[in-house]
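Please work from the sequences and hints to get the whole structure.
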Amino acid sequence: MNLKTLWHRLGSPRWLYQMSGPWIAVLGWLAALLLVTGCIWGLAFAPADYQQGNSFRIIYIHVPTAIVSQSVYMMLGAAGLVLLVWRMKVADMVLATAVPFGMSMTALALFTGAVWGKPTWGTWWVWDARTTSMLVLLFLYFGLYALRQAIPRAETAGRACAVLALLGTINIPIIKYSVDWWLTLHQPATFKITEAPSMPPEMYLPLLVNVLGMYCLFGAVVLAGLRLEILRRERDTQWVRQLVEARA
Amino acid sequence: MNFDSFSELLAMGGHGLYVWLSYGLSLLVIVWNVWRLRSERRRFFREARARLKRIDSAADSR
Chain A
114 MNLKTLWHRL
124 GSPRWLYQMS
134 GPWIAVLGWL
144 AALLLVTGCI
154 WGLAFAPADY
164 QQGNSFRIIY
174 IHVPTAIVSQ
184 SVYMMLGAAG
194 LVLLVWRMKV
204 ADMVLATAVP
214 FGMSMTALAL
224 FTGAVWGKPT
234 WGTWWVWDAR
244 TTSMLVLLFL
254 YFGLYALRQA
264 IPRAETAGRA
274 CAVLALLGTI
284 NIPIIKYSVD
294 WWLTLHQPAT
304 FKITEAPSMP
314 PEMYLPLLVN
324 VLGMYCLFGA
334 VVLAGLRLEI
344 LRRERDTQWV
354 RQLVEARA
Chain B
19 MNFDSFSELL
29 AMGGHGLYVW
39 LSYGLSLLVI
49 VWNVWRLRSE
59 RRRFFREARA
69 RLKRIDSAAD
79 SR
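Residue numbers (the working numbering), protein chains in the order written: chain A, 114 to 361; chain B, 19 to 80.
Please keep in mind that the hints were generated in silico from the structure rather than gathered at the bench.
Treat each hint with caution, since some may be false.
[Stated by the list, open to error] Quick partial rundown of chain B residues pointing at chain A, CB under 7 Å, derived from the structure:
| # | residue |
| --- | --- |
| 1 | N20 |
| 2 | H33 |
| 3 | N51 |
| 4 | F63 |
| 5 | L70 |
Just so it is clear, CB atoms sit at the ideal spot from N, CA and C, and this is done for glycine as well.
Below, the structure is given as structure tokens:
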């Protein structure tokens, strides 16, 4: 299938619904497998940090949630752009469904960061560039959620959320480079595309496994949410009726 | 394993509370995300069935 036909098929909710079913199962089980492996590996088998001791094991959950929370937002920004430029229905559905997942991942990254900060920095919270920009990300998610609730007309709500999602993407490079641009208490990035990790493999491999697992979870959750949105919006079509009757 | 015993794994060299609290809450949040989608999907089919029945019986009585 070439790109152009894929683009057109993305406009077909029925095709998306049927295609996404098996993907959700595969990604869901892959996520479970990877996350269980990565967590056990990181918690019990990775060596302790020579400075931080065992509190550093929080990294195996903190970094994956933080990375995915930003990826979800980038996806929302892209969906916002697609909705504003091409008025694609699927983009609106993605924009509507992925907010709670992204919000919960951001909250987790902030929470695990605070819990890691207490024994490591001696404080739950500092107003440094990294933590503050992550808090801004959480508020952007709150904003997207509240905006949709506040506007009764679905189409207007979708466009308003698209604009907010798109504008909010400015925050993503700020989060990413905050540890380089400003003097922060937060340590620099663990993974960089251009350099080898500063950790030994027995420390970073479990982290890599958990990051991959969290991306699989991201895929499964977004696709499952997308399917639900499709059902709700297409409930009066023949094929959804048949689906409902078949389940009775 | 990096620890000599299970109790040492639990203690995490004195950081047990911090580590297990992080992992515990994360598990809860992941489970919540999956549960939320499943229950909403079930609710959709429940309500859609009831709605179809209503529409059909309205059509029959006409």
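Status of the hints after comparison with the structure:
no., hint, verdict
1, N20, "6 Å, holds"
2, H33, "4 Å, holds"
3, N51, "6 Å, holds"
4, F63, "5 Å, holds"
5, L70, "6 Å, holds"
Checked against the numbered hints above, the structure violates none of them.
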